[in-house]
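The sequence shown: position 128 = 128 (full-length UniProt numbering), numbered continuously.
A portion of the hints provided could be inaccurate.
Have a look at the derived ranges for each label pair, beta carbon to beta carbon [stated by the list, open to error]:
id, residue 1, residue 2, range
1, Gln183, Leu148, 21 to 29 Å
2, Gly95, Asp153, 32 to 40 Å
3, Thr205, Ser78, 21 to 29 Å
4, Arg173, Pro79, 15 to 23 Å
The list that follows gives simulated cross-link-like pairs (lysine-lysine, DSS-like), each with its CA atoms no further than 30 Å apart [said to hold, decoys possible]:
id, residue 1, residue 2
5, Lys162, Lys141
6, Lys162, Lys124
7, Lys162, Lys63
8, Lys176, Lys141
9, Lys101, Lys176
10, Lys176, Lys150
11, Lys162, Lys150
Since the hints were derived computationally from the structure, they do not count as laboratory data. We treat Cβ as the ideally placed atom computed from N, Cα and C, and that holds for glycine.
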Amino acid sequence: MIQQRLTGNNNVAELVFSILQPKTASVVYDRACMVLTEWQSAQAEHKERNNRQQQPAEVSWTKPSPGRYKCNIDASFSPGLNRVGLGTCIRDDQGSFVLAKTEWFSPICEVDMGEAQGLLRAFKWVRDLQLDNVDFELDAKTVVMKVLSKNDDISELGEVIKDCQQLHNTFLRNSKVEFIRRQINVAAHVLARVAPSLASFRIFTDTPTCIHNIIINETL
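Input sequences plus hints: build the corresponding full structure.
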């Protein structure tokens with residue numbers, strides 16, 4: 001219903017005002033942020049759809065091999081809130097939604113560090129879910145190359161990469177990490193963009209409305 005109203009209503013302020021019923025401040029804040037982000041996502045999706053029509057057909061999200069899962073990860077950076085948002089989306093071999101998570105941490109950091117933290121936290125989450133046959137995808141090429149490299153890195157980023165490698169080698173040995181182009185990582189990107197505006201981290205067992213159409217379109 002919200003998505004339909006977003007499609008037909010470009011006045012975001014009126015739409016946000018219409019949902020402000022007598023609820024707790026945190027619920028109202030989260031709801032308003034979600035609606036605003038859904039509207040922005042609808043505009044971005046329309047633009048992305050137009051762009052995809054001009055791009056090669058192979059530039060699209062693909063389902064994992066039978067019996068495997070795919071976990072897409074992305075990070076967003078909000079200087080105004082001084083937060084790094086993380087979005088993680090897990091789908092099965094049919095492309096169907098399984099689970100998603102949004103969270104944020106502060107203070108803001110360099111892009112590669114934020115992306116590496118996103119991968120590390122995704123590793124920990126998947127480990128706790130006791131999934132091992134997972135393809136992890138993110139659009140941070142430097143992070144992916146460092147995780148797959150055997151070279152030592154004594155920097156702060158290198159310490160996070162080392163934690164990723166240890167988790168992968170210990171608990172996720174049947175999983176792999178791959179780089180994908182940014183326009184393929186749409187669901188995780190939208191979740192990451194929502195994350196800094198939410199009051200706390202969330203785990204979604206049902207498809208979040210902000211990525212519902214994305215999941216449907218990429219399943220076809």
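Okay, the hints, checked on the actual structure:
no., hint, verdict
1, Gln183 with Leu148: 21 to 29 Å, "22 Å, holds"
2, Gly95 with Asp153: 32 to 40 Å, "35 Å, holds"
3, Thr205 with Ser78: 21 to 29 Å, "26 Å, holds"
4, Arg173 with Pro79: 15 to 23 Å, "38 Å, violated"
5, Lys162 with Lys141, "16 Å, holds"
6, Lys162 with Lys124, "14 Å, holds"
7, Lys162 with Lys63, "28 Å, holds"
8, Lys176 with Lys141, "14 Å, holds"
9, Lys101 with Lys176, "20 Å, holds"
10, Lys176 with Lys150, "15 Å, holds"
11, Lys162 with Lys150, "10 Å, holds"
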